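Asks: Residue numbers (the numbering used here), protein chains in the order written: chain A, 1 to 561; chain B, 1001 to 1441.
Read the hints as simulated data drawn from the structure, not as lab findings. Remember, predicted model here, so these are calculated numbers, not experimental data. Heads up, some of the hints might be wrong.
In silico lysine-lysine, DSBU-like type, Cα no more than 35 Å apart, as pairs [stated by the list, open to error]: (1) B:K1029 with A:K51; (2) A:K51 with B:K1042; (3) A:K84 with B:K1029; (4) B:K1160 with A:K84; (5) B:K1029 with A:K545; (6) B:K1097 with A:K84; (7) A:K84 with A:K119.
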Amino acid sequence: MRAKVGVYICECGPNIAEKVDIDGIIAGLSEFDGFGETELVVKKYGFLCSKSGREFLEEEIRNLGLTHLVIGACSPRDHDSTFKGVCGRTDLNPYLYRIINIREHCSWVIDDVEKATEKAESYLRGGIARVLRQSELFENPIDVNPDVLVIGGGVAGMQAALSLAAEDRRVSIVERSDRLGGRALELSGLSSGTFRGSDIAAGQVESVMGNPYIDVFLNTGVSSVIGFLGNFVIELLSDEDGATTEISSGAIIAATGCAVYDPSLSGSYNYSDRDDVYNPLEISRMLSSEGGVALRSGGRPENIALVHCAGRDELNYCSGICCGVMMKTALLLKESIPGVDITEFYRDICVPPHEGRQLYESVLEAGVDLVRVESAGLSGTTVSFREKSGVEDQRSFDMVVTAPALIPSPDTADIALLLGIPLDDTGFFQEAHRMTDPSGTTTDGVFIAGTSQGPRGILDSMRFARASAGLILTRLIIGEKLVPEVAVSEILEAYCTGCGNCLEVCVYGAIYSDGSKGVSVVNEAICRGCGNCFGSCPSGALRTKHFTNTQLYREVDEALR
Amino acid sequence: MSQNGSVLIIGAGIAGMKAALMLAGASRKVHLVERLPIIGGKVIKNEESFPNMECSTCMVAPVQQAVLQNPDIETYTYSTVDRIDGGPGCFSAVIRKKARYISLVDCIGCGMCFDPCPVSLANEWEEGLMPRKAVYVPCSGSLPNVPVIDASSCLHLSGKQECSLCAESCAFEAVNLDDSDQVIEIEVGSVIIATGADTFDLSALPNLGYGILPSVYSPFEFERLFASNGPTQGEITLRGSGTVPRRIAIVHCIGRTEAGYCSSVCCMYSFKFVRFLRHKLPEAEVFNIHLDVCTPGKSYQSFFTSLDDRDTTMLFTPSIDDVRVTENGPSLTLSYPAPDGNTREIEVDMVILAAAMVPDRGLGEIAQMAGIQLDRHGFVMTVDRESGSLQTSRDGIFVAGTAEGPKDIQNTVIQAESAAGQALEAMSAAAAVNKERASGS
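Using the sequences and the accompanying hints, generate a full structural model.
Replies: Have a look at this one:
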């Protein structure tokens, strides 16, 4: 069939019309014979993006039987989707259309009408040449599995499961240890705001266990993950008997939590496990035990030092929650041991805004001695410190409480590898975008939550979990299909040498190696059409649909003619 | 009663926009109401955002575009919400679209109407650092790129004088001086409050000279001074004298005592300013007068420790409240208590005050209108906190972002997603209950 390309030039009021001789371009293109048999229809319109402009285009496509459409107008960022929509309302495949930016690239930046016109005309010629090499592409909606796998049964993982589980959406929680609840369950003595961490976690455990739509796998790890958003297949491995279970889900939330830094790794903290040096978790446990807080030798401590910021220099980050935890620990110790003297050595006070000054003031009121230091170290239970004024001193105590930083849990790296998501330079999961997409990852369908992404408190972890759960609610909609990217990469088997370069550069994990044929294969459901692989292929086997070499070369050749 | 699945979001900053996009992605109808003539919120006032030093407008513009182009999001700029009645699943709300006097449909944003306007006054969005006309867009790159006529300063609309120069200059007949407020009633299932925050009112601390000494700057004034799309195209020159500052002091923790909390972002934006200055004015000497260094989270302290002595001199003071800034000829004298108890002085020619984040000054009114309670600091109070909920004291109304308390961009976005998720969760639970009732079980 003979191609019939409709070329419509938008005047954009005076924006294009005043700086580009549109009638001249229409005359020039109409006389141009470089496209062989192709028939060109070239027209102008006041505002193609307006309702009347869109209707005009629809009628033109239908009445003239256009096979291709080129729009000379503004930036695709403004109106590409508008004209794609126009095609969508006719029989013209939207991949047989192209917008050419003759406003931002020509009329707005070139003062000379002749030069602006010449450039606009060459751009349009290039666009016509390209659109003639474009092919129809079709959306291929796929069924999705609405179920979700949550890795980690701490407060974040449990909250995500509780937010998602419903009659038509099952959630599986995989937990490495032998119980749900995570670290929060150990915080029986410490509260988060006005609540005890352990009460929050215990309440969640009860809700999870009573929820008919949540399956819990304890003492279980993840051994393999394949698939993509909407369709993952996960193999679970029981730590108890080595048995494997295969489950499927549409999305995965990694809520693998964190661990606590070991202060003795820091050069300035010298103590052994015979010394009465503890972290707040251990104090919390003692506080809720029958014997209360006691020295290893038996007996109550008469004076206790709380030393902030263990690991802050070594790790080069501030966990942001330790100051609050230490102040609460000081208050609890004061309350549980009558007459105890408490000295808190701190460097900077970093307390979340919600806690405000109240916490700080109640610590002062309780008679805790707050000493601001430049640095502090331990030798057993003796604290050596340097004050801001430069004065150095040391003092001995019966007991010392350190404030270790939160660090990534030991299996973070393994889980990241299984899920195909990167870690950042601190060893926590890296977000898809640190600011605008903090709950997503580079693998679509894999989300992160809680302290697996970075240090934070219990309530913030739960809010984070609700964010990831919310994103899944908007992506895996019951009864709706997913439409994967259409302009994806493809590999021409005949030219592929199976070198694997493309596997290395694919950030989405969309390419795998077919060992039996010795070639690489693109999973079109995962591919996002970024084109990284295209550049890496030494044999020309790779093509990115809608961005082929032929399309690009023809456009450039014609524009430069 | 049938459950309504659409959502009203008040505030089109990064939190409101992210929540809107997420809900629209779930095929929900979203009504996004913004009191300014443009969407984007406070983030777009920053040239670059910490810690990645990414161009803020480049980061936010695609989000703004996506919002404006999404057929499921109805954006009401230059609008307020007058009333919210009803309850979860069946709220009815009244939106007041203030008269813009310029048609959002017909205007193409060419800006031909600006020059003819005879009125000139300070541009609030640019922190008063440059003038605007009565017909104006707040900033270059405004989205939607459609001006508004400020009725109180317009000669015609304020009744001072007959003038229609803007209308005459418009080739698209987009100016309508007879425009009036429009009141629209909508039905929604949930509401999200995402109205953002303000910075501490620096005029409350006369010892720091803000508003009296021209070389004393607020953080957003400095952001705009640095911004390449700002009043000076990014040239850092002093207000009044027009000279380039050589010695600059950044004073931390301003308003912390008065507000009663640490905002946890001011240290970071102060260190960002140090980077800005090092980049633009490599010869300048920069001092940070600070108390606690609060850089919470995995990526903030390393941003601070990457600065060295050539970038800034860190001067610790045990009492920010006792810092004084006074005039000293063409420059300024800054005095502060040193750790040894003595008062020290430094001579500088520019002072930037790192002000605390405080509740938006319009939040009290919004809270009253929406029937929700504020916390002791004046931010929106959440209930059922032990479940990480962002539910306000009124069922079906959620809060997100800095309306809930000071926070950085990352945590603002997390909260926006969390609130949107919670709204969805609540509405699907309500729908499930409805289904059960309908089936008679």
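Asks: Take the hints in turn and mark each one as holding or not.
Replies: Against the structure, the hints come out as follows:
A C-alpha spacing of about 22 Å is found between K1029 (chain B) and K51 (chain A), which places the hinted pair at or below 35 Å, so the restraint holds. With a C-alpha separation of about 33 Å, the suggested pair K51 (chain A) and K1042 (chain B) falls inside the 35 Å cut-off, and the hint holds. Proposed proximity of K84 (chain A) and K1029 (chain B) is supported: the alpha carbons are some 22 Å apart, at most 35 Å. Only pairs whose Cα atoms come within 35 Å are accepted, and K1160 (chain B) paired with K84 (chain A) is rejected, the gap being roughly 48 Å.
Restraint check for K1029 (chain B) and K545 (chain A): satisfied, since their Cα atoms lie roughly 33 Å apart, inside the 35 Å limit. Proximity of K1097 (chain B) to K84 (chain A) is assessed by CA-CA distance (about 31 Å); at most 35 Å being required, the pair is judged to hold. For the proposed pair K84 (chain A) and K119 (chain A), the alpha carbon gap of about 24 Å is at most 35 Å, so the pair holds.
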